[in-house]
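A.B. asks: Same order as they appear, the protein sequences are chains E and Y. Position one of the first sequence corresponds to residue 304 (my numbering), numbered consecutively onward. Position one of the second sequence corresponds to residue 5 (my numbering), numbered consecutively onward.
Hints are computed from structural coordinates only; laboratory data are not their basis. Since the model is a prediction, treat every value here as computed from it, not as a measurement. Every residue, glycine too, gets a C-beta built ideally from N, C-alpha and C. Wrong hints could be hidden among the right ones.
[To be verified] Pairwise CB distance ranges, derived in the manner of DEER restraints:
id : chain 1 : residue 1 : chain 2 : residue 2 : range
1  : E       : Thr444    : Y       : Lys287    : 31 to 37 Å
2  : Y       : Arg49     : E       : Asp490    : 22 to 28 Å
3  : Y       : Val72     : E       : Asp446    : 52 to 58 Å
4  : Y       : Lys408    : E       : Glu427    : 53 to 59 Å
5  : Y       : Asp315    : E       : Leu483    : 53 to 59 Å
6  : Y       : Met264    : E       : Glu353    : 55 to 61 Å
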Amino acid sequence: MKPFTRLDGRAAPLHLANVDTDQIIPKQFLKTVEREGLAKGLFYDFRFDEQGQAKSDFVLNRPEYKGAAVLIAGDNFGCGSSREHAPWALMDFGITCVISSSFADIFKNNCLNNGLLPVVLKPEEVEALMDEAKGGNHVFTVDLESQTVTAPSGARFAFDIDPDRKDKLLKGLDAIGETLQHASAIDLFESKRALSEPWMEDA
Amino acid sequence: MAGKTLYDKIWDAHAVAQDGGETVLYIDLHLIHEVTTPQAFAGLRAAGRQVRRPDRTLAVADHNVPTVGQELGVDAVEDEEARLQLQTLGRNVADNGIEYFQMGDPRNGIVHVVGPEQGRTQPGMTIVCGDSHTSTHGAFGALAQGIGTSEVEHVLATQTLRQAKSKNMRVTVDGQLGPGVTAKDMALAIIGEIGTAGGTGSVIEFAGEAVRALSMEGRMTLCNLTIEGGARAGLVAPDDKTFAYIMGRPSAPKGAAWDMALSHWKTFYTDADAVFDREVVLKAEDIAPTVTWGTSPEDVVAVTGKVPDPDSFATPDKRASAVRALDYMGLTAGQPITEAKIDVVFIGSCTNSRIEDLRAAAAVAQAAYLEGRLVAPHVRAMVVPGSGLVKYQAEEEGLDAILKAAGFEWREPGCSMCLGMNPDRLTPGQRCASTSNRNFEGRQGRGGRTHLMSPAMAAAAAIAGHIVDVRTFL
Ligand code: SF4
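Based on the sequences and whatever the hints tell you, model everything.
C.D. replies: Listed below in structure tokens is the structure:
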């Protein structure tokens with residue numbers, strides 16, 4: 304996993320609540336056996352019409368938001384299907400931070416496991432950032448170390464993040480490696496379990 | 005000290021180690037399918053890691069499979085990428101010694117139908133699957149959660165999941181559901197009440213007289229939809245109904261092991277003095293047959309009600325979403341929801357494709373048929389059983405004959421039009437009465453318009469040709 308420390312970049316505002324992972328990456332792109340190359344399917348039905356032509360009014364298609372690294376979205380972003388293709392697609396497109404007033408739990412975990420930073424702010428702070436993101440010609444700063452988002456006007460908002468998750472993001476650590484440090488505890492758990500719940504062993 | 009909730013008890017029984025704010029939680033059962041696993045197995049291989057407990061892992065083919073011609077196996081899959089995904093799963097399970105119910109095997113079906121049907125799902129367990137509707141298995145008093153592909157890889161490698169504990173929430177439904185009102189209506193009414201983010205960060209335990217009165221199938225429907233309320237998982241405490249359902253199934257404990265398991269399972273309930281972080285109480289009598297009008301599962305309305313006015317929503321984002329939803333759905337504010345004319349009916353998905361669901365649909369079909377009514381001529385109605393075994397049972401009971409006589413298509417098992425990854429899809433503008441769980445834009449096919457409802461309501465809509473109150477059929 305690539306570490307996330309700080310980013311300076313454009314932010315694209317997406318004024319919609321309850322954006323689900325079907326919208327982030329529609330099903331026809333889930334038939335892949337790879338993690339890469341999903342940018343082409345990101346927000347497909349928002350970005351393209353039935354003939355496959357780019358819709359010029361969708362925020363990520365507008366020239367002023369080209370190369371946006373931050374997405375600012377409405378409440379309950381990433382609800383629905385557990386597909387990890389959603390953060391993979393966002394990252395493949397170049398978005399490494401999403402700001403919202405809330406995220407669906409599974410989506411949030413999937414982001415954290417891929418080095419994409421989900422930032423939760425208060426609804427009025429999200430509104431303020433969306434306002435500042437208008438026009439697109441600007442730089443937002445997201446700093447994980449200090450847990451702050453700084454808008455072009457200089458307005459700065461602090462966000463919370465679990466300290467362990469933060470540490471893993473900063474270092475780009477793989478969770479499996481960490482858990483395997485507890486291998487002997489897992490072994491012990493299993494051998495106790497084999498005695499107390501033996502029926503589970505011959506399933 | 006306050007007592008423990010059911011969730012607390014399962015959690016404590018599976019905590020292997022603490023790592024900062026996260027607990028390493030042991031996983032008893034890992035269900036896998038073709039769509040969310042290829043990258044996980046690739047990751048394992050790249051890191052030279054093994055599957056720790058193939059015996060606690062079970063694989064099915066469900067998301068991509070066509071609902072005809074399954075006896076041909078993978079060759080029945082026309083889409084090349086889908087076929088490759090299924091072949092990749094076949095290779096991965098063979099390389100790792102994981103049990104796999106392939107396409108065409110009568111035991112195969114939708115992953116959340118298969119687990120309980122095989123007796124793999126048991127009370128007090130921790131269960132995960134790379135699919136959000138894993139919450140279904142909570143009906144047995146198991147902590148069952150959907151996970152992403154990185155987490156699938158983590159579970160394959162370590163048989164554990166790293167997680168911070170969620171909050172405890174309880175939804176109590178007192179009283180008795182009226183005639184024609186089902187677990188699906190209860191679930192939709194609950195989501196309408198709490199909203200799609202209402203359960204975020206929580207595990208919801210369902211309690212109360214109306215929940216206890218539900219069959220296991222009904223409890224599965226209820227827990228299945230917990231995820232649409234944003235919760236991490238849903239739970240119903242196990243009771244005699246639960247134990248009776250499990251007994252005798254292929255993977256259920258037998259003989260002396262059964263007695264031992266039973267006394268263990270009976271320890272999984274919420275203590276009387278346990279405290280919940282949040283409580284919601286509903287009255288069963290207030291719940292009518294419920295349908296969705298918009299593009300989020302919280303967009304619910306009683307079948308006797310009207311399409312809401314976007315101006316009635318509290319926040320600007322919600323208002324904007326409602327305007328967009330009405331436009332997408334081709335509906336007008338204030339219109340009675342029964343005016344919505346239906347083109348397609350889909351009875352299936354892990355929410356409602358079990359035997360009881362098919363019986364409910366067949367009962368409506370039969371009542372109509374006896375009055376000389378069939379599926380409306382402009383409607384395509386399909387019934388997709390949740391597994392091969394459900395299909396056989398339904399055929400033994402003659403349900404397929406009733407449904408076919410009334411004009412329904414009788415298909416082979418799989419996720420099918422729930423998400424339309426296989427060829428079963430809506431075309432733009434088509435309106436569907438669906439027993440599935442998501443009415444998102446494009447979920448059932450680009451431009452498709454989904455109204456979620458119970459199997460009986462969907463069957464009634466097929467006959468009437470528009471959304472209709474099933475109680476007029478009873
Ligand atoms: S039936 Fe639908 S919701 Fe259920 S597992 Fe399949 S795709 Fe997911």
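A.B. asks: If you test the structure against every hint from before, which numbers come out violated?
C.D. replies: Hint 1 alone not satisfied by this model.
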